[in-house]
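Order-wise, the sequence lines are chains A and B.
Each residue of the first sequence is one higher than the one before, starting from 1 at the first, in my numbering.
Each residue of the second sequence is one higher than the one before, starting from 355 at the first, in my numbering.
Keep in mind that the hints were calculated from the coordinates and are not lab data.
Accuracy of the hints is not assured; some may be wrong.
[To be verified] Where chain A lies over chain B, by a calculated footprint (3+ residues, C-beta under 8 Å):
id	region
1	456-468
2	480-486
[Unchecked claim] Here are some chain A residues the structure puts well away from chain B; computed CB gaps all over 12 Å:
id	residue
3	L71
4	R112
5	S114
6	S150
7	I161
8	R174
9	G177
10	R212
In this text the structure is predicted, and so the values were computed from the model without any measurement.
Virtual Cβ for every residue (Gly too), placed ideally from N, Cα, C.
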Amino acid sequence: MRTKQAGMGLLGSLALGAIGVALFGRGRQAPPARRRLLEALALPPPVTQPVERLRSLRLGDTPRGPLQRWLGIPSSPAVGRTARIRAARRLDRSAGLLATSVLLDSALEHYRGSFRNPAMYTPLGVSALSLAASLHGTGDPRSGRHPFRSTIYAAAALTGIVGTGFHLYNVTRRPGGFVWQNLFYGAPLGAPMAISLAGLMGSAAEHVRDDRPGTAPRIFGLPAGRMLAAMSGAGILGTVGEAGLLHFRGAYHNPAMFLPVTMPPAAAALLLNTAAGPARRDRWITRWWLRLTALLGFVGVGFHAYGVQRNMGGWRNWRQNLLNGPPLPAPPSFTGLALAGLAALDLLEDEPDA
Amino acid sequence: MPDPSRYPGYDVLRKRHTPSWNDKTRQVIDARLAVPREPRFFDAHELATITAVADRLVPQPRNRPPIPVAALIDDKLHKGQEDGFRHEGMPREREAWQRGLAALDAEAQAQHGAPFLHLSGPQQDALLKQMEQGALNGPAWGGMPSQTFFKQRMAKDIVFAYYAHPTAWSEIGFGGPASPRGYVRLGYDQRDPWEAAESKDGDTESALRKNRHVG
């Protein structure tokens, strides 16, 4: 019975995963020739004039800032215009995936809560706007910040923080207050941060797009690639906490429920290692592990669809089971964060076409 | 004409073909709705007396078809479905009902010179009250305590029969069995779309609109 369950879930998931790969697997156009750059680096040209200095920076590393030096973080490669915009568009796409997940999830869960508090409409509006901004950004080949997108992403980041406050209030005002029961069945504490992450990834995209060419793009004074790797790693860890809590509530009744609490933490560890480690490495394990994690987000939707079917009445009773069963829109959060991690990886690896 | 009831326009039978019911639910409810109205265990007079008592205990909803309380009890006794236990001094269910109804008529004859059926409402209420307090103990009871008969047999069977019927469910906004479809919104004053909507503060229109889509 259990193998049949797992098999059914796997089949559905593979189909969805294939769709996911078809939709999102085409981001990388051609593998950059890393070797050539190493050869170019072997003999750094002597720096004599300001123009020459800039050119050398395009090939080499940006000098570390004081904060970076204080934190002991190694330097990062300078990134050219093409690579910079490609990374920005990928980040926009990652923000879009996160926003889609939030839009559908909050619509479903807040509908379940009957929109008792008018504030419960907020994440729907903000995530829909973020999705629009990310679609605009994903299709935008220009450099430079866009006021519309920047504002919306900033609002999204803020919304998540305010939303966490609302969810905390909901949990504490339930009988018993801050107890496991209310953490399981009250407003999920981690959920609003997903819209913040979408806002952060979008804002990062704006930063990366905006910075001077020939330098390493920066966010909050730190190299964007490292910052993004750390942010997406932390985001994955937060999402793992959420999935862990709810899968624990579900008693891990299907072995596949362990996947989102095992695979993504490894991805997060690899990302955090990337954030603090030396740049210009071909981190192929990290890349492939992130790709697998991205796939897991889609596979999760398949498993959750199977979970809905397993509830009494199955899909025929969708009006109850979509709300009662595992949330369909939740797993793609992992995909969004893994894609952000992949974009970060790109910024930290050498970009010879700069 | 506006529906003055608390759950205006709500009809639990609309759930019949929704995921709320399955084959077993339909089978059980259909049997309950199709219960024969002609007496099978009781005679016509006994059946009419039960209806008269039921009308004093659980008045029928004003704007819904009447619930066949007496017929449901007749059906139960006809099939011989029993609790499986008896209270002290009580005979078995069929015997208790027949003897209790005969004794009630005897008490009515003694006090008012007419069978229970033909008494006025207040007279019937007074008699039922005496039975509830155990004040009736004429020879027709044959030693059966009238208080136990009223509380444990007559009133209980009547209330159970009344609220076993879908019409009573519609009247009180009950959704019927919570399986196969249960409920999602479990907090106070929360409502799933397949639950009855209560008319609040005279806002009948909104409840009526929601109840039309329950199912």
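**OP:** Of all the hints given earlier, name the ones this structure violates by number, lowest first.
**Re:** Hint check: 1, 2, 4, 5, 8 fail, others pass.
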